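From first to last, the protein sequence lines stand for chains A, B and C.
According to the UniProt record's numbering, the stretch in the first sequence is residues 1 to 311, in order.
According to the UniProt record's numbering, the stretch in the second sequence is residues 1 to 105, in order.
According to the UniProt record's numbering, the stretch in the third sequence is residues 1 to 314, in order.
Just so you know, these hints were derived from the structure itself, not from any lab.
Among the hints, erroneous ones may be present.
Said to hold, decoys possible - Simulated pairs of lysine-lysine, DSS-like, Cα-Cα distance not exceeding 27 Å:
#	chain 1	residue 1	chain 2	residue 2
1	C	Lys235	A	Lys305
2	C	Lys285	C	Lys103
3	A	Lys305	C	Lys232
Unchecked claim - Short, incomplete list of chain B residues facing chain C, as computed with Cβ under 10 Å:
#	residue
4	Gln8
5	Lys10
6	Thr11
7	Glu13
8	Tyr14
9	Ser45
10	Trp74
11	Thr76
12	Ala77
13	Tyr78
14	Asp84
15	Arg86
16	Val88
17	Glu90
18	Gln95
19	Ala98
Bear in mind that the values here come from a model prediction, so they are computed numbers and not experimental data.
Ideal Cβ placement from N, Cα and C applies to all residues, glycine included.
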Amino acid sequence: MTTPDFSDPENLTARERQALECLIKRLADDEFVLAERYTEWQVRAPTLESDLALANNAQDELGHARLWYDVLGDHGYTERELVYERDPAEFRHSTIVELPFEEGDWADAVLRSYLCDVAEELRLEALEASSSPKIANRVAKIQQEESYHREHAQNWLERLAEGEEGHERLQAALDRLFPHALTIFEPCAPPHGENANKTNETSDDEPRATGSDVEADIVDFGLRTATLEELGEEWLAIVVPYLESLDLDVPESGQTGDGEFEFEVTQEMLPDERGRDGIHTDAWVDLYDDFTHTYRELGRSEPTKIMETPE
Amino acid sequence: MIWEVFRQAKTGEYHTHCGNVHAPDREMAKQFAAIQHGRRKPTNSLWVVPREEIGEIGSDEVAFGGTTDKSYRWATAYNTTGTDAREVVESEDEQVTAEKQRGDD
Amino acid sequence: MMDLGTVKERAGPREFSPADDLPREYREAATRMIEFHANSEIMGAYLERPFIRQSPSIDRKLAFSAKVQDEIGHGQLLYRAAESLGVKTREEMLDDLANGDGKFLNCFHYPLESWVEVPMISFFVDGAAMRRQATLRRTSWEPYAHAMDKVCFEEGFHVKHGEDILKELMTGSRKEQQMTQEAFEEWWPRIIQFFGPTDDKSTHHDFASSVGLKQQSNDDLRNAFLDQYIPKARKYGLEIPDEPRIRERDDGTYAVEEDDLDWDEFFTIAKNEYEPGLGQINGRKHAQEAVDWVRETIERDTPAASGHEPQAAD
Chain A
1 MTTPDFSDPE NLTARERQAL ECLIKRLADD EFVLAERYTE WQVRAPTLES DLALANNAQD
61 ELGHARLWYD VLGDHGYTER ELVYERDPAE FRHSTIVELP FEEGDWADAV LRSYLCDVAE
121 ELRLEALEAS SSPKIANRVA KIQQEESYHR EHAQNWLERL AEGEEGHERL QAALDRLFPH
181 ALTIFEPCAP PHGENANKTN ETSDDEPRAT GSDVEADIVD FGLRTATLEE LGEEWLAIVV
241 PYLESLDLDV PESGQTGDGE FEFEVTQEML PDERGRDGIH TDAWVDLYDD FTHTYRELGR
301 SEPTKIMETP E
Chain B
1 MIWEVFRQAK TGEYHTHCGN VHAPDREMAK QFAAIQHGRR KPTNSLWVVP REEIGEIGSD
61 EVAFGGTTDK SYRWATAYNT TGTDAREVVE SEDEQVTAEK QRGDD
Chain C
1 MMDLGTVKER AGPREFSPAD DLPREYREAA TRMIEFHANS EIMGAYLERP FIRQSPSIDR
61 KLAFSAKVQD EIGHGQLLYR AAESLGVKTR EEMLDDLANG DGKFLNCFHY PLESWVEVPM
121 ISFFVDGAAM RRQATLRRTS WEPYAHAMDK VCFEEGFHVK HGEDILKELM TGSRKEQQMT
181 QEAFEEWWPR IIQFFGPTDD KSTHHDFASS VGLKQQSNDD LRNAFLDQYI PKARKYGLEI
241 PDEPRIRERD DGTYAVEEDD LDWDEFFTIA KNEYEPGLGQ INGRKHAQEA VDWVRETIER
301 DTPAASGHEP QAAD
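Please work from the sequences and hints to get the whole structure.
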C-alpha cells in the first residue's frame with residue numbers, strides 16, 4: 001500500500017486519524033505520568049545535587065508530553081480534553097510510569113528511569129522517519145534530552161549496584177517493575193465506546209485491547225517504522241544483558257532458544273494491569289485526583305498557558 | 001605536572017581562569033603562577049588546580065539548558081501589571097542578557 | 001588572626017574570603033545567618049512542593065517544578081557559602097534542620113493548603129526575600145555575596161511567576177477572587193513579619209551590621225517592601241486588612257504599627273515550637289532519613305576526586 005500523506009491533518013481518513021491519535025496519546029501519556037512521578041522526588045532526593053538533576057528530567061519529560069499533546073491540536077484536541085478533563089480510564093500510559101515510589105526508594109527511581117529511557121530511545125528512533133512530518137520534526141529535540149536521562153540513570157545504577165544495600169534494593173525494584181515495564185510494548189485499546197461500532201467479538205464495555213487493527217495501521221501507515229514486537233525484543237536485548245552485568249537477576253527475561261539475543265514478550269510475563277488497555281492500578285486514580293485537584297477546586301475550565309504553541 | 005590558574009583581580013570579585021603553569025608541586029605552582037599570571041594584571045588572589053583533577057563535560061555530550069522550550073523558567077515569560085520592584089527588574093535584565101547570549105551561540 | 005576591631009574597620013562589601021583568618025565571633029555569626037537563609041530555601045521548597053502536582057496546567061507545573069528546583073539550587077549555593085566559614089559542614093546543617101535545631105523563616109512554618117495561598121509565598125514572600133537578598137549582594141562574606149549574585153539572577157522569574165498566578169486568580173471567577181482575598185488576609189501579617197522584629201528588639205542585628213554581614217536594618221527593609229508591594233496588591237484588587245495598622249506617610253511611603261502583630265506566635269515559631277511548622281520539619285526529616293542509605297552508598301569508598309594525590313610530582 002502507499003504511505004498516506006500525514007502532512008495535511010484535515011485530509012485524513014478515520015483510520016489514519018485513529019492510528020495517529022493512538023500513537024501520540026500513548027507517547028504523551030507515558031511522558032506526562034512519568035514526569036508526575038519524578039516530581040515526587042523534588043525536595044526528597046538523596047542529595048541537593050541529585051534533587052536538581054531529577055527535577056530537570058521531570059521537566060524534560062513534561063516538556064515532551066506537552067509537545068506530543070500539541071500534535072493532537074491539529075485534530076481539535078486541547079489540553080483540557082487531553083489532560084485535565086479526560087476520564088482517567090481513557091489514559092493509555094503503561095503501568096510502569098504510574099506506580100508510586102516508596103519513600104526513599106531511590107533504587108526504584110533510577111531503575112525505572114533506565115527501563116523507560118531505553119524504551120523511549122527505541123521508540124523515538126522508530127519515529128525518526130515517521131510519515132507524519134510533525135512527529136518526525138519533534139523527535140530530534142526530544143532525543144537530545146533523553147540521552148542525558150539514560151546516562152544519568154546508568155551512572156546511578158552502576159553506583160548503587162556496587163553496594164550491598166543498593167544491590168538488594170535494585171533487585172527488589174527489578175522484580176516489582178519488570179513486568180510493568182513490559183507493558184510499554186502492549187497494544188493500545190481504542191478510546192472507550194469505539195469498539196461498539198465494530199464487529200469485534202470482545203467488544204463489550206471492557207476496553208481491553210484486542211490486538212486491533214490500529215497497531216498494524218500505525219506501522220502500515222508509516223507512522224512508526226517498527227512494530228511493538230520488534231521494539232519489545234530490541235528492548236529486552238539491551239536491558240537484559242546490561243542488568244545481568246550488574247549481577248541482577250532478570251525475572252522472566254523472555255530469552256528464547258540458545259540464541260544470545262533472541263527475546264520474546266509472552267503473556268505470562270505481564271501483570272494484570274497493563275495501562276495500554278485502559279486497565280490501571282489504583283495508584284493511578286489517586287494520582288489523577290491529586291493533579292486535577294486545583295483545577296476542580298477552582299472550577300477552572302481552561303488550563304493556563306504560559307508558553308507559546310510549539311512550532 | 002600542569003596546574004590551571006584562576007585569577008581574582010580585586011577583593012570580592014570572581015576567580016576566573018587565566019592560564020596555567022608547569023610545576024612539580026602545589027607550592028611551586030603558586031609561586032610560578034604569581035609571576036606568570038599576577039605580575040601585570042591587577043591581582044588580589046590566585047588559585048592553582050591540578051589539571052588532572054578537572055572534569056569536563058561539553059556541549060557535544062549534553063544539551064545545556066535543554067533543547068525543548070524552557071521559556072517558563074525565565075522572567076520574560078510573564079507579563080505583570082504596574083511598576084516592578086527594582087531588584088525584580090534587575091533580575092529580569094540579567095536574564096534577558098543571558099538568554100541573548102545563549103541565542104548567539 | 002584578624003581581631004574584631006580590624007574586622008569592623010574593614011567590613012566593606014565582599015571584603016572577607018576564606019583566605020582571611022577571621023575571628024570566631026564573625027565566623028559564627030555569619031554561619032548562623034547563612035545557615036538560616038539556606039534552611040529557609042529548603043523549607044520553602046518543601047512547603048511548596050505539593051503544588052507542583054496540583055498546578056492547574058502543564059505550563060504552570062513546569063514553572064512550579066523549575067521554581068522548586070531553583071530553591072534547592074539556592075540551598076546548595078548557600079550551604080556551601082556557610083560551609084566555607086569552617087564552622088559547620090553541610091551535612092551537619094541539614095541534620096540540624098531535620099532534628100529541629102535548624103532555624104528558618106517564620107512564613108514557612110505555616111501550612112499551605114490551597115492554590116490560592118500559593119502567591120502569598122511565591123509573590124509576596126519571595127518578593128520580600130528578594131528585597132533583602134538584593135542588599136546582601138554587598139555583604140562582607142564574599143562567598144555569600146557570590147551566592148546572592150546567582151540567587152538574584154534567578155529569583156526574578158519566581159516573583160514574576162508568583163505575580164502571574166495572583167493576577168490570574170484576581171481576574172478569575174468571583175469565587176477565586178474571594179478565596180484569594182481570604183488567603184491574603186490570613187497571610188498578610190505573616191508576610192510583614194518576614195523581616196523580623198523591629199531593630200530595637202532584634203537580638204543579632206547590631207553585631208551582624210557592625211561586621212558588614214547585614215546591609216540594611218529590618219525596619220528599612222520592611223518599609224521598602226511595603227512601599228513596593230502595597231500598591232501592587234491594590235492594583236490586583238486585594239484589600240489591605242485593617243490590622244496591622246499601616247500609616248501612610250506624607251511622601252506616600254508606608255510604616256506598620258508593630259504592636260498590632262502577634263509577636264508571641266512569631267517567637268514560638270522562631271524556637272521551632274509551632275505545631276504546623278513541626279509537622280513540616282518532621283515530614284522533611286522522614287524524607288531525609290529514607291534516603292540515608294543512598295548517601296552512605298555514595299560516600300563510602302568515594303575518594304576526594306580521582307584518588308590522585310595532587311601534591312606529588314608525576
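Comparing the hints with the structure gives:
{"no.": "1", "hint": "C/Lys235 with A/Lys305", "verdict": "holds (22 Å)"}
{"no.": "2", "hint": "C/Lys285 with C/Lys103", "verdict": "holds (14 Å)"}
{"no.": "3", "hint": "A/Lys305 with C/Lys232", "verdict": "holds (23 Å)"}
{"no.": "4", "hint": "Gln8", "verdict": "holds (9 Å)"}
{"no.": "5", "hint": "Lys10", "verdict": "holds (9 Å)"}
{"no.": "6", "hint": "Thr11", "verdict": "holds (6 Å)"}
{"no.": "7", "hint": "Glu13", "verdict": "holds (8 Å)"}
{"no.": "8", "hint": "Tyr14", "verdict": "holds (7 Å)"}
{"no.": "9", "hint": "Ser45", "verdict": "holds (6 Å)"}
{"no.": "10", "hint": "Trp74", "verdict": "holds (6 Å)"}
{"no.": "11", "hint": "Thr76", "verdict": "holds (9 Å)"}
{"no.": "12", "hint": "Ala77", "verdict": "holds (8 Å)"}
{"no.": "13", "hint": "Tyr78", "verdict": "holds (4 Å)"}
{"no.": "14", "hint": "Asp84", "verdict": "holds (8 Å)"}
{"no.": "15", "hint": "Arg86", "verdict": "holds (7 Å)"}
{"no.": "16", "hint": "Val88", "verdict": "holds (5 Å)"}
{"no.": "17", "hint": "Glu90", "verdict": "holds (7 Å)"}
{"no.": "18", "hint": "Gln95", "verdict": "holds (6 Å)"}
{"no.": "19", "hint": "Ala98", "verdict": "holds (8 Å)"}
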